[in-house]
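There are 2 protein chains.
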Amino acid sequence: MKNKLTIVKIGGNVINDDIALTTFLTNFASIEGFKILVHGGGKKASKMAERIGLTPKMINGRRITDAANLDVVTMVYAGLLNKNITAKLQQQNCNAIGLSGADANLIKAHKRIVKDIDYGFAGDVDEVDDKVLKILLENNLTPVFCAITHDKNGQLLNTNADTIASEVAAALASAYNVYLIYCFEKKGVLKDINDDDSVIENIDSESYKELKQKNIIVEGMLPKLENCFYALNKGVEKIIIGNPSVIVNKDEKYTSLKV
Amino acid sequence: MKNKLTIVKIGGNVINDDIALTTFLTNFASIEGFKILVHGGGKKASKMAERIGLTPKMINGRRITDAANLDVVTMVYAGLLNKNITAKLQQQNCNAIGLSGADANLIKAHKRIVKDIDYGFAGDVDEVDDKVLKILLENNLTPVFCAITHDKNGQLLNTNADTIASEVAAALASAYNVYLIYCFEKKGVLKDINDDDSVIENIDSESYKELKQKNIIVEGMLPKLENCFYALNKGVEKIIIGNPSVIVNKDEKYTSLKV
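Chain order of the listed sequences is A and B.
Throughout the first sequence, residue numbering follows our numbering, covering 1277 to 1535 in sequence.
Throughout the second sequence, residue numbering follows our numbering, covering 1277 to 1535 in sequence.
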């Protein structure tokens, strides 16, 4: 029988708020068994870019990563955030190890091919090294991934944290029963964007198609759900989308996804 | 019989120069067998601190690390430098894994106790986890340490990179034949600071005392050599102080230290 592995992805709503982050990390540390954390960067990278006089470039809500902005996200994601999160998990006796995709060649990516938009040093994932990840997990270490990868040719790349979570989950699905939890500011996927309680509690491939056709799932939620169904189709056991408190509070409403 | 482990520490002269760094990393990647890299931060942290409007505080050539400057060194050392070095080693097929002391609780330190000078968030090393380091090494990973540690209570700390190198070397001396190489801008410990070729080729505990008494070894070189003799007394096989090229060019002059 396969062991359970819990993978949690946190984004801006937790990262930007010190108290929320501390609460979340305490809860995350209490998860039993194998676990992995993936974190985004929130607004800290944009703020740092502004402080050093750079203008963050966004197209369709996605960051355009030129060389100067790549340095900023590398500093903020892999340095400031990743090491502070790791130190705080260590405080909670969770043996965290902070990682980028360059470390141990864990996540190899390629610079996104230019079609209509040149995203700069944005990386699309090619391969996750499940062998080294298993060694870390089996030695009771808890990998903490920031959203930086590399191309194995010396180039770091800025990669979407949701994608990293789903790719890592997919890569480990044959070795573990993987539960993937996406934490964000809402309680789940909403039927009505203006009603926080209109959580759609279950989505499968069939109902997902319907929700797309009816324009209930739109914009930012689309790539998130595409990532989810990608991971489910690769053998991930279950995916939850919800509020950060969902990792400890089972009474909380959330969206549960199955193939 | 114990396996050989080569630990190399690089500082500002390599870090600040992109071409020198690339040459060094190519040479480092070619070292056979187990190896660890420890890097300082050079001038990049001071430059970044200036860019965001902070004034780096130095007393007796040592950085005073207030909270804002700790964020800067965490960003630059653990983020920008550590991940770029790791990515460049990966390009050379060296399976590098970038680490701070917080990662896997590898280097636990405490905030330096205030006597005459308050160094702020400067960390003095308490303990190195040799067990996890051995697991990484035996799985063909090459640890790359930046000069950031933690106190296991959630606080990151800025720690002297020379000290990290000697503490890691000392912790692994019972498991490996450790060769520790300190690379810096000179060819070795000089008899005459104005003559780059006046390298003292061999120093042992006895001659070290003499060199101190005669004021031949002074200032910045004193803590470096204290670190060296600390590591030698803990069982490190051999220590070399020299130019970065010493790791591949055996004809190069250098200083060799033994107990």
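The reader is advised that the hints may include incorrect statements.
Residues from chain B shown here face chain A by an in silico Cβ test under 8 Å; the list is partial [what the hints assert, rightly or not]:
id, residue
1, L1330
2, P1332
3, N1360
4, I1373
5, N1381
6, I1476
Quick caveat, the hints were computed from the structure, so don't treat them as lab data.
No experiment lies behind these values; they were computed from the predicted model shown.
We treat Cβ as the ideally placed atom computed from N, Cα and C, and that holds for glycine.
Next on the checklist: Quick check on N1360 of chain B please, does its C-beta sit within 8 Å of some C-beta on chain A?
Outcome noted: holds (6 Å)
Checklist entry - Does I1373 of chain B pass the interface hint, meaning its C-beta sits closer than 8 Å to a C-beta of chain A? => result Status holds, d = 4 Å.
Checklist entry - Hint check: is the beta carbon of I1476 of chain B less than 8 Å from a beta carbon of chain A? => result With a minimum Cβ separation of about 37 Å from chain A (threshold 8 Å), the hint on I1476 of chain B is violated.
Checklist entry - Can we keep the P1332 of chain B interface hint, with Cβ of chain A closer than 8 Å? => result violated (15 Å)
Next on the checklist: A closest beta-carbon separation below 8 Å is what the hint needs, so does N1381 of chain B meet it against chain A?
Outcome noted: holds (5 Å)
Next on the checklist: Quick check on L1330 of chain B please, does its C-beta sit within 8 Å of some C-beta on chain A?
Outcome noted: violated (10 Å)
In the structure shown, a violation is registered for the earlier hints numbered 1, 2, 6, in ascending order.
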